[in-house]
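K.L.:
This is what each chain is made of:
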Amino acid sequence: MADTEALALRLRRHVVRMTHRGNSSHVGSALSMADIMAVLYGRVLRVDPSQPKWPGRDRFILSKGHAGACVYAALAERGFFPVEQLEQHYSNGSVLSGHVSHKGVPGVELSTGSLGHGLGVGGGMAKQLRRLGGNQRVFVVLSDGECDEGSNWEAILFASHHRLDNLVAIIDYNKIQSLASVAETLALEPFADKWTAFGWAVRRVDGHDHAALHAVLDGAPLESGKPTVIIADTTKGKGVSFMEDSVLWHYRSPQGEEYENALAELAGGA
Amino acid sequence: MRDSFIKALTELAEIDPRVVLITGDLGFGVLTDFANNRPDQFINAGVAEQNMTALAAGMALEGARAYTYSIANFTTLRCLEQLRNDVCYHEADVTAVSVGGGFSYGQLGMSHFATEDLAIMRALPNMTVVAPSDPWQALELTRQLHARGGPAYLRLDKDKAGLEPAPASVVLGKVREVRAGADAVIFATGAILGEALAAAETLAAEGAAVRVVDVHTLKPLDVEGVVAIASECGVVVTVEEHNKLGGLGGAIAEACLEGGAKVRSFRRVGLSDLYPTIVGDQKFLRRAYEMDAPAIAAVVRDALKAAG
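So the protein sequences, as listed, match chains A and B. According to the working numbering, the first sequence is numbered sequentially starting from 255. According to the working numbering, the second sequence is numbered sequentially starting from 937.
Source of the hints: derived by calculation from the structure; they are not laboratory data. Where is the CB? At the ideal position from N, CA and C, for every residue including glycine. Any given hint could be a false lead.
Below 35 angstroms or equal to it, Euclidean Cα-Cα: the simulated DSBU-like pairs (lysine-lysine) are [to be verified]:
(1) 1094(B) / 1110(B)
(2) 307(A) / 1155(B)
(3) 480(A) / 448(A)
(4) 357(A) / 1155(B)
(5) 1110(B) / 357(A)
(6) 1094(B) / 943(B)
(7) 943(B) / 1155(B)
(8) 357(A) / 429(A)
(9) 1110(B) / 1219(B)
Coverage of chain B stretches by chain A, computed from C-beta distances (three or more under 8 angstroms per stretch; other residues unrestricted) [stated by the list, open to error]:
(10) 988-997
(11) 1016-1027
If we strip away everything but chain A, and leave its shape as in the complex, we get:
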C-alpha cells in the first residue's frame, strides 16, 4: 500500500510540474485519477516496460484523454521511457500531447481526446483477445462527464451482451465536469443502478483509498460472464487543497505562487 501511495504522490508532482511547465489545462482531472493510476501501474497491470507490445500484457486505455499527463507520468515511472522526457509535455515538437497519444510513446495503447471512444475500442480489444483465447484484461478509465456520450452506452450494451468479463471500466467519478457539477449538467445518478441494469458487475469504491482500490482491482474482473465497472468516487484536484472540488482547475494551469504552494503540499514521501 505504501508503495502505490508513494507512487501516487510522485504522479501528482509530475502532473503539477507538467501542467505548470506546459501552461496547460486539466490538472484537476489528472490529479483526481492519480491514485487509480498508481494502483494500476504499481500493482495491477501485467505489463513489461522492456517489451511494450508483449502480447500477454494487459491493455490500458485512458478514455478521458485530457488527463494524458497522468498516463505519461505513470508510464515514465513504470520505466517505459525516461522520467526526464516528461519535461517535453506540451512543448513545441514534442510527441507528449495534452491528450494522450500512442504515436511515439511506448506503452500507450490508444490515442484519445475526443470523449466516448475508449470503451468501444476497449470492447473490441476484449472481444478479439477472447476470440484468440488469451487471458489478458482490458482496463479503460473514463471520466464521469464522458458518460454523457451516447457511444459509451452503445459500448456498454455490447460488452454485456458479449459477456466480456475481460473488460474492466473504471470511472473517475469526481462529480465535476467542464462548466459545473455533473449533477447540474447531466445527472448520472443512480449511476451504479444504470450499470447494473445494463448487465455489468458493479463496485463502488473510494478512489483515493489505496486499500480499497487494491482490494477491488486485485480481484478484477469481479464476476464471470460479466464486464466489470468500478465506480471510483474521487475528488477533482485531489492532493492540492486549493484545487480540490473546484471547477476552476479543470482549465487553469498552476503558475507562480500557486505552483509553489501546490508542490509544497505534495512534498515529502518518496
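We have chain A already, so just place chain B on it with the hints.
P.N.:
Frame of chain A; chain B shown alone:
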C-alpha cells in the same frame, strides 16, 4: 455488388481466420450464409454504428481484419470520428463497406442517399477509397483491398455499369480505360459509369470520339494516369453519383492542375450541391438531377464547344 462482396469475403474468411465481418444490423438474407457458416467471424453490433466502428478498430488493433457493413451513411458519417480517430489515426485494418452508393435507395429519401461519402472519406488520411462499377469488379477489388489492408472504404452500388468481366484489367489504384477516343474523356466512378458509356455511344453517332475511364479507386488516385489521359484528350468531364464538391470531380481537377495536364475545358457531372427532395428509383433520380446519359452527353458537347 453486395453479393459479389460477400462472395469474395466468404472466400477470404475461409483462408484467413483473422477476417471478421461486423454488421450494423443490416444485410437480411445477404449475410445469412456467412453468419451461419462462420459464426466466430461474424458480429451483429446492433444499430450502433459508432460502437461498431470503434470495436472494429479495437479488434483490428489486436490482430483481426475487420469489415464493417451497413448502408452508406451509417458506416461513414454516423461514425465519422470513430473512423478518423480510432481507425485512420491508428492505421487499423478496418474496411468500412457501404451498400447503397449514390441514389441506390432512391425511394427511401435523403437520409439514405450517399452523396457526400466519397468526398468525406477521401479527406481522411490513411484511408483507401474504392467504388466499383460492376459486381465482378466489386469481387475483384474486395480481394485486392484485402491484400492491401485497411483503413479502407468500399462503396457498393445497387446498379451496375454492365461491362463484360475483365478482372485482369482491374488494378487497385489505377484508372481503367473502358472505351477508346481522343476528342474528350469522361472519368466516371461507380455504376454510373454505365451512363457515361451510353453518353459516349450517343456522341460517337455525332462524330465525337469520347474516351471513357473507370476510376474505381478514388484514393490513392492514379494521378499519373489521369494527367496523361487528360492531356491526350484535352476535354475532361467527370461523372459521379455524388455531390459535385470534393468527390471525383474535385480529385480529377486537383490532379490535372497540379500535374500540369493540358486541359482546354473541364466539366463536372453530379449533384449540384443540394439534397434531393423528391424520391424515385436510381434511374429516375439520375434523370431528374441531370446525371443520366443524355445529360452527360449534353455536358460533353458543351465542353467540346468551349474547347473550340
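K.L.:
Hint by hint, which ones does this structure get wrong, listed from lowest number up?
P.N.:
Failing hints: none at all.
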